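In the working numbering, the protein residues as written are 1 to 617.
Everything labelled a hint here was simulated from the structure, so no lab data went into it.
Keep in mind the model is a prediction, meaning the values are calculated, not measured.
Any given hint might turn out to be false.
[What the hints assert, rightly or not] Simulated DEER-style distance windows between Cβ atoms:
| hint | residue 1 | residue 2 | range |
| --- | --- | --- | --- |
| 1 | Pro-486 | Cys-432 | 37 to 45 Å |
| 2 | Phe-329 | Arg-536 | 53 to 61 Å |
| 3 | Thr-222 | Thr-328 | 49 to 57 Å |
| 4 | Tyr-530 | Lys-353 | 37 to 45 Å |
| 5 | Arg-178 | Met-326 | 29 to 37 Å |
| 6 | His-471 | Lys-551 | 33 to 41 Å |
[Said to hold, decoys possible] Straight-line alpha carbon distances no greater than 30 Å define the calculated DSBU-like cross-link-like pairs of lysine-lysine that follow:
| hint | residue 1 | residue 2 |
| --- | --- | --- |
| 7 | Lys-512 | Lys-543 |
| 8 | Lys-396 | Lys-385 |
| 9 | Lys-616 | Lys-543 |
| 10 | Lys-435 | Lys-551 |
| 11 | Lys-533 | Lys-543 |
By construction, the Cβ of each residue, glycine as well, lies at the ideal position given by its N, Cα and C atoms.
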Amino acid sequence: MTRAATAWEKDVMRNGLGVDSPRMALDQLNDMVQRCQVVQDDSFKPEDYDLFQTAGRACIEQGDSRQLLDIITDEKSKAIVRSMGWNLLGPLVRVLLKKEEESLPHCLAILTHLLEVCSAKELLIGLLEQVEEAHPDTISETICLLLQPLQTVLLKLGSKKASSVGMALSTLLAQVSRLPVPYTEALEEEDAYGLCRCCTALLGFARPFVEEVERDLAAVATATPVAPDDELRSELLKFCMKSLNEPLLQAQLKNDPEVPENAPLSNFAVEILAILRRIGECLPDLLFRHLLKKKEEPGFLEEDVRYPKDSLACLAYLLFVQHIGMETFPAIFSPVFVLQSNMEHVNILLSRKEESYLAKGLDLYEKSLVRVEDGSLAVELLELKSFFSVPQNLVKVMTLCPIQHLRARGLAVFQLSIDKFDTEAKHKFFRCMLKTSNHAGVEGYIVKNIRNQIDYALKPGNGNAWFLGTHLLPLLRLVLCLPQGPETDLLQGLDRVMESLNLLRYLLIRDKEWENETGIWTELYKIEDYYLKPLRLGLNMSKAHYEAELKSTRDNRKVKVKELKESAPACSVTVGNEKLPNMTPEMQIQVLHSALCTFDLMESVLVRIEEIVETKV
């Protein structure tokens with residue numbers, strides 16, 4: 001029996017899918033089919049199903065697919081195939097994935113005939129089982145092979161297909177999420193694991209269902225009496241939201257307004273946003289819903305399930321960083337409002353540890369900030385939770401992220417965010433960071449910013465109430481502070497202590513005592529009591545301790561020089577609450593000497609301050 005190949009079969013044949021074809025016995029299958037041809041559809045015995053499945057699988061795997069095709073396409077076998085044929089999906093898929101061409105036309109013809117004859121629900125279950133059970137090495141090949149058969153089966157379900165479409169999309173995306181996401185342009189072009197091919201194929205798979213929802217929405221808009229399929233729309237929305245999370249949130253997309261044809265992941269992002277618009281989702285509403293507190297839509301999906309926060313964060317990144325879909329985004333929203341909205345999305349991205357999340361969070365925060373005028377963000381914004389949590393997460397990126405270029409970018413974005421606050425907001429922000437950052441380097445950076453603000457305020461015409469006089473003094477008390485008094489670990493807090501001393505020296509030199517614009521001269525006697533004297537005492541104690549340790553180490557080296565040459569001593573030095581074990585005496589001496597040099601540097605600034613105070617007073 002011969003027949004014309006379908007377009008899909010020709011496409012698969014061009015990709016070289018096929019089976020082996022050794023000898024196999026067809027007698028059992030022929031006997032079973034002839035016996036069952038006279039039996040009613042619902043009267044087949046369990047052993048008939050088992051025999052059909054076993055014999056059919058043997059035919060396919062042993063290369064007798066041509067004879068099997070003749071048997072199942074016989075009109076007399078239609079009832080048998082309709083009831084049992086879907087059991088052949090497993091062996092068919094396994095053989096097709098072997099990529100041998102000899103039996104390819106017959107296997108494809110068998111699969112096409114099953115799609116025409118068998119129950120759509122049984123075929124759907126069978127096809128999805130093949131997707132779920134795909135070997136890790138053949139996930140992409142399996143998906144690309146079965147997408148069109150799946151689409152054909154779903155379209156046969158008519159108006160009751162929404163839940164089945166959702167189940168299919170969920171199963172497919174679950175498997176796609178197992179594929180590694182390419183993180184360079186070369187890897188994306190190579191597409192060794194087939195992720196990009198799967199994403200492109202998924203768009204074609206979803207197209208008829210998107211078009212159906214689009215037609216229904218258009219009919220409603222023109223008052224045509226057509227009931228829109230809200231359930232199908234919800235399933236497509238879930239598909240888009242899941243795609244935004246995986247793979248797009250992990251993908252390294254090109255920051256290029258004109259997406260090249262060979263960038264499948266960027267094209268996938270473009271199409272996902274297009275699908276959102278086509279199924280009736282308004283992009284501004286999606287991004288700003290947590291600010292606008294839009295009433296929840298009726299339906300079986302809860303708000304957090306319908307609009308996952310990670311997915312919305314990726315949507316914001318695609319819009320404001322990649323500029324995908326921005327041509328449809330209204331320009332009426334102020335930069336401050338956009339920043340306020342995006343802070344929630346930035347916070348989600350920066351709270352993660354993965355490089356792709358952190359990079360997207362930094363990009364989105366930077367793009368949201370650059371549109372805001374310097375010094376324009378009011379202090380009221382700091383009352384919002386996101387304006388507190390984003391800097392905290394940004395500090396973690398700056399101090400804990402193992403990737404150097406992300407730490408550097410984090411610091412640049414941190415400074416950019418400071419520049420956007422007005423003077424009162426800067427004052428409050430600095431106080432908050434000094435109290436909560438718990439990192440000497442970050443605190444030192446804040447102190448440097450405070451000095452810059454004071455320097456600007458002292459220039460003619462720039463005076464303000466927040467970095468001069470009575471408002472400045474509480475901030476200075478936070479800066480000029482030793483948390484544990486003289487016992488404070490000065491090495492661990494080196495950055496903050498040095499910046500604080502430099503700020504104090506600057507104030508004493510820059511602000512004349514008869515002008516006293518900063519109030520430093522009024523506060524000076526208190527600063528001597530609660531900062532300078534404890535610092536002097538702490539320095540003397542630290543130097544004495546480290547000098548004693550240095551002398552002891554040198555003496556031990558002289559006494560036990562022979563033993564130390566033969567094996568490393570069991571001694572260590574503790575710096576910044578961290579023990580440094582297995583150090584040779586030479587290494588110990590170097591560390592101790594470096595600490596003493598640091599104390600000398602700190603003392604030199606302190607001595608200069610004491611000289612200025614003595615001279616002025």
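Hints and how they fare:
In this structure the supplied range 37 to 45 Å is violated for Pro-486 paired with Cys-432, their Cβ-Cβ distance being about 27 Å. Between Phe-329 and Arg-536 the C-beta distance comes to about 60 Å, which sits within the given range of 53 to 61 Å. At about 21 Å, the CB distance of Thr-222 to Thr-328 disagrees with the hint of 49 to 57 Å. Between Tyr-530 and Lys-353 the Cβ separation comes to about 40 Å, which falls inside the hinted range of 37 to 45 Å.
The hinted window of 29 to 37 Å between Arg-178 and Met-326 holds, with their beta carbons roughly 32 Å apart. Range check, His-471 to Lys-551: about 49 Å between beta-carbon atoms, so the 33 to 41 Å window is missed. A threshold of 30 Å between alpha carbons decides the hint, and for Lys-512 with Lys-543 the separation of about 34 Å lies outside it, so the pair is violated. For the proposed pair Lys-396 and Lys-385, the alpha carbon gap of about 17 Å is at most 30 Å, so the pair holds.
A hinted pair counts as satisfied when its Cα atoms are at most 30 Å apart, and Lys-616 with Lys-543 qualifies at roughly 29 Å. Proximity of Lys-435 to Lys-551 is assessed by CA-CA distance (about 38 Å); at most 30 Å being required, the pair is judged violated. Straight-line distance between C-alpha atoms of Lys-533 and Lys-543 comes to about 15 Å, which keeps the hinted pair within the 30 Å bound.
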